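A.B. asks: Using the hints provided, position chain L relative to the given structure of chain H.
Protein sequence lines correspond, in order, to chains H and L. For the record, in the first sequence the residue sitting at position 75 is 95 according to the working numbering, with numbers rising by one throughout. For the record, in the second sequence the residue sitting at position 177 is 180 according to the working numbering, with numbers rising by one throughout.
Heads up, some of the hints might be wrong.
Said to hold, decoys possible - For lysine-lysine, the following DSSO-like pairs were computed, each having C-alpha atoms within a straight-line distance of at most 30 Å:
1) L:Lys-412 / L:Lys-105
2) H:Lys-118 / L:Lys-442
3) L:Lys-452 / L:Lys-442
4) H:Lys-85 / H:Lys-71
5) L:Lys-452 / H:Lys-118
6) L:Lys-452 / L:Lys-105
7) L:Lys-365 / L:Lys-452
8) H:Lys-132 / L:Lys-157
9) L:Lys-412 / L:Lys-365
10) H:Lys-118 / H:Lys-132
11) L:Lys-365 / L:Lys-157
12) L:Lys-157 / L:Lys-412
13) L:Lys-442 / L:Lys-105
14) H:Lys-132 / H:Lys-71
15) L:Lys-157 / H:Lys-50
16) L:Lys-452 / H:Lys-132
17) L:Lys-365 / H:Lys-132
18) L:Lys-365 / H:Lys-118
Rather than coming from a laboratory, the hints here were simulated on the basis of the structure. Bear in mind that the values here come from a model prediction, so they are computed numbers and not experimental data.
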Amino acid sequence: MLIGLYNYWVVVVLMMIGFYIVIANGNLIKKIVGLSIFQTSVFIFYISMAKVDGGTAPILAEGIKQYSNPLPHVLILTAIVVGIATTAVGLALAVRIKEAYGSIEEEEIQAKDNLDC
Amino acid sequence: MLTHLPVLQVIVPLLAAPLCLLLTRSRLVWVFTLIVSGLAFVISGLLLQQVMATGTIIYELGGWDAPWGIEYRIDQLNALLLLIISGVSTVVLMAAHTSIRKEISPDRHSLFYILYLLSLAGMLGIVATADAFNVFVFLEISSLSAYALIALGKDRRALWASYQYLIMGTIGATFILIGIGLMYQMTGTLNMYDLSQRLPGVENTRTLFTAFSFFIVGVCLKLALFPLHLWLPNAYAYAPSIVTAFFAATATKVAIYLLIRFTFSIFGLSFSFTALPLQLLFVVLGLAGVFVASTSAIYQTNIKHLFAYSSIAQVGYMIIGFSVSTVTGLMATLLHMFNHALMKSALFLALGAVMYRFGSVKINDFHGLGRLMPYTMAAIVVGGISLIGVPLTVGFISKWYLLMALIEKGWWPVAVLILIGSLLAVVYVWRLVEVAYFKPPVAGNEAVKEAPLSFLIPIWLLVSANIYFGIDTRLSIQVAQAAAHSLFGVSP
Chain H
21 MLIGLYNYWV VVVLMMIGFY IVIANGNLIK KIVGLSIFQT SVFIFYISMA
71 KVDGGTAPIL AEGIKQYSNP LPHVLILTAI VVGIATTAVG LALAVRIKEA
121 YGSIEEEEIQ AKDNLDC
Chain L
4 MLTHLPVLQV IVPLLAAPLC LLLTRSRLVW VFTLIVSGLA FVISGLLLQQ
54 VMATGTIIYE LGGWDAPWGI EYRIDQLNAL LLLIISGVST VVLMAAHTSI
104 RKEISPDRHS LFYILYLLSL AGMLGIVATA DAFNVFVFLE ISSLSAYALI
154 ALGKDRRALW ASYQYLIMGT IGATFILIGI GLMYQMTGTL NMYDLSQRLP
204 GVENTRTLFT AFSFFIVGVC LKLALFPLHL WLPNAYAYAP SIVTAFFAAT
254 ATKVAIYLLI RFTFSIFGLS FSFTALPLQL LFVVLGLAGV FVASTSAIYQ
304 TNIKHLFAYS SIAQVGYMII GFSVSTVTGL MATLLHMFNH ALMKSALFLA
354 LGAVMYRFGS VKINDFHGLG RLMPYTMAAI VVGGISLIGV PLTVGFISKW
404 YLLMALIEKG WWPVAVLILI GSLLAVVYVW RLVEVAYFKP PVAGNEAVKE
454 APLSFLIPIW LLVSANIYFG IDTRLSIQVA QAAAHSLFGV SP
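If we strip away everything but chain H, and leave its shape as in the complex, we get (with noise of 0.2 Å):
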């Protein structure tokens, strides 16, 4: 059990780090390194499931049966670059937030908000 689903106690773990930094931190860059390792661990999850015990790599070869499903890596590819494009908005969306308002902390950037209201 523990041993067999190896995988997905890393897929859980990962994601429950990766949320927790997410909600837990307040700077902003540290935020966006919970959400890729959010992200990743979902990645890994694809690619997990994506193995058949026994099976090689889908290449049409002789003397081999059963192939590893190549679709979820697939999807996963497109995943990355979208998870790529966020962090890259996210992290330009930070140095804008830095400019405009000199700091990268949550708290600080909350009470200049509040000031100007």
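C.D. replies: Quick look at chain L alone, frame taken from chain H:
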């Protein structure tokens, strides 16, 4: 050509977006974007006509059969959504050139239009596709461009709002991705139709419950269901006016479409509403949304904030209609999606006109607005009346159907609460009317003139649509009815 309409719907704005880079002059890009969006509107109109005449359209991308290739499926529900999105987008764009001149620096104008088109393409794609993973990809296309669009707002708080939306939106999208992954794990397919065939076979597994839960939470984040709405007010309030008008009318609707599509067509009614206490959960959260958001709306001094909170309340009504899970309830939701798009795009566009003249939309700017900008203020009043649900406006039609659905179901207390909720809308709309017509303009504002025609024409187009579809309900009700019937699998 006609057979390729489903894919053209998405491809045209998607391919047009990078072409904007070649046209450097702001006005040229605007005309081009307007034409592209208009084209998308024509296509969606043709699609709706075709669907109503001949039934569901199935389009195989690249000629590959469904399990291997990606399929686009347009039925009445999709066609209605496509029409809402492309229609609102086109009308709102008419005012874009005037509006963004005041709100966005000139060197970013063409970037604005590129992002706008990408966002439009993303939303159209979510609706058109019949592939679960494709939904995620299009969702991210539209969301990523949305983050950037919101960050274009001139107030620095736009950046912070955009960042918060990015965090929340990405968590939502990743939840949806997990849900889709688990569904794929159980069924081995991503095609929505195949999913709906195979999911009943694995109905009582914990994996499927997990998949369903992740998916629902992810979508609810995107549609700003109370209490997952925290990203919405600031994002709408600080984004450029055109962006707000476009998103307020379309972005949450697309997420509600996903909710309806997955619960009704894919997981199926019996699983969605009996396996989990979803009905109760949604009706409670919907009502809480209506009351909390409407009450918050009353206390806002920034009018864009006010109507953003009102949007959350309106989402609450849609969710209540959805949770009734009868044909009438679903019809009410679909009608309200259509009608709310008309109201909110008109209202936010009118706010855009106020923003154009005053540079802000604080309640102080509205003092005496009835005299300074009579046509704009009249539009806000009609929009507000429609929001309350007074007869002869669209708001009345959807509230009427919602009440009918609740009474049919025997949920009297909910029906009463909804009526009380509408009274809250009276309060926040009245606040505006009062200062606009019964107070003199604040010193220094007396010389403000009516908004230019480039604003008034699209605003009044939308306002007249609010009244027209409140009187002649054939189109909206016929389509909503057909869509609701097809979702319940009964022939009308």
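A.B. asks: Against the structure shown, which of the earlier numbered hints fail to hold, in ascending order?
C.D. replies: 1, 2, 5, 9, 12, 14, 16
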